[in-house]
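Student: If you read the sequences in order, they're chains A and B. Heads up: the first sequence begins at 1 in the working numbering, then just goes up one per residue. Heads up: the second sequence begins at 1 in the working numbering, then just goes up one per residue.
Hints were generated in silico from the structure; no laboratory data involved. Do not take every clue at face value.
Now the in silico label distances, taken between C-beta atoms and shown as ranges [claimed, not checked]: (1) A:K55 with B:K45: 24 to 34 Å; (2) B:K77 with A:T19: 26 to 36 Å; (3) B:R103 with A:T19: 18 to 28 Å; (4) A:N62 with B:R103: 36 to 46 Å; (5) A:K55 with B:S30: 19 to 29 Å.
Within a straight-line C-alpha distance of at most 25 Å, the following computed PhoX-like cross-link-like pairs (lysine-lysine) qualify [unchecked claim]: (6) A:K47 with B:K45; (7) A:K44 with A:K55; (8) A:K106 with B:K77; (9) A:K44 with B:K45; (10) A:K44 with A:K106.
Model, not experiment: these values are computed from the prediction. Just so it is clear, CB atoms sit at the ideal spot from N, CA and C, and this is done for glycine as well.
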Amino acid sequence: QSALTQPASVSGSPGQSITISCTGTSSDVGGYNYVSWYQQHPGKAPKLMIYDVSKRPSGVSNRFSGSKSGNTASLTISGLQAEDEADYYCSSYTSSSTEVFGGGTKLTVL
Amino acid sequence: QVTLRESGPALVKPTQTLTLTCTFSGFSLSTSGMCVSWIRQPPGKALEWLARIDWDDDKYYSTSLKTRLTISKDTSKNQVVLTMTNMDPVDTATYYCARYMVRGAKFDYWGQGTLVTVSS
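Using the sequences provided together with the hints, build the complete structure.
Tutor: Here it is in structure tokens:
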């Protein structure tokens, strides 16, 4: 199972919006509405931000939103804040009943 | 309150077998839909999914590592054990266990991770 494809880095200024893409295949992202997104600050464990493509767990800011079109899922962060600076990973359920992560995207808040 | 904690050796030698234990609380691995996965992250690199064990004892492994991995559970002790054989320096990573919920296909709780270094 190949890793999902994410941009290595994205950046934005405070208050702006950014979008991180996550591209897979019809055997993972495109085949199921089971894409999740994780935020990871340096030295910390990942934190669930989005699941089922677009659902937010309790306690996650509504500035975070998710969507999917075909084999590509996207995470959008609106109203960028300094604390959003982190690494972001997408994950998808696969046709083998396993999971696959993306290569990760480093978000820099300018 | 759900918590998970990884434990195991910080240093292993090449060719040795690594055994990691995930001890959890706040949920039961005998409850339908509950699963525990292992995920690793080499220093400065991306997350890599390794294995999962489900409430019904179904087990799933990374295709690339399948021959080296074994996952098991002890429901009475609230523990999940991962063994990885024939360790190599490229296996140096922080190893995480995480609760995986079938409903939502999400890793909703993670341990803090344990760094395993493979070196002679």
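Student: If you test the structure against every hint from before, which numbers come out violated?
Tutor: 2, 4, 8
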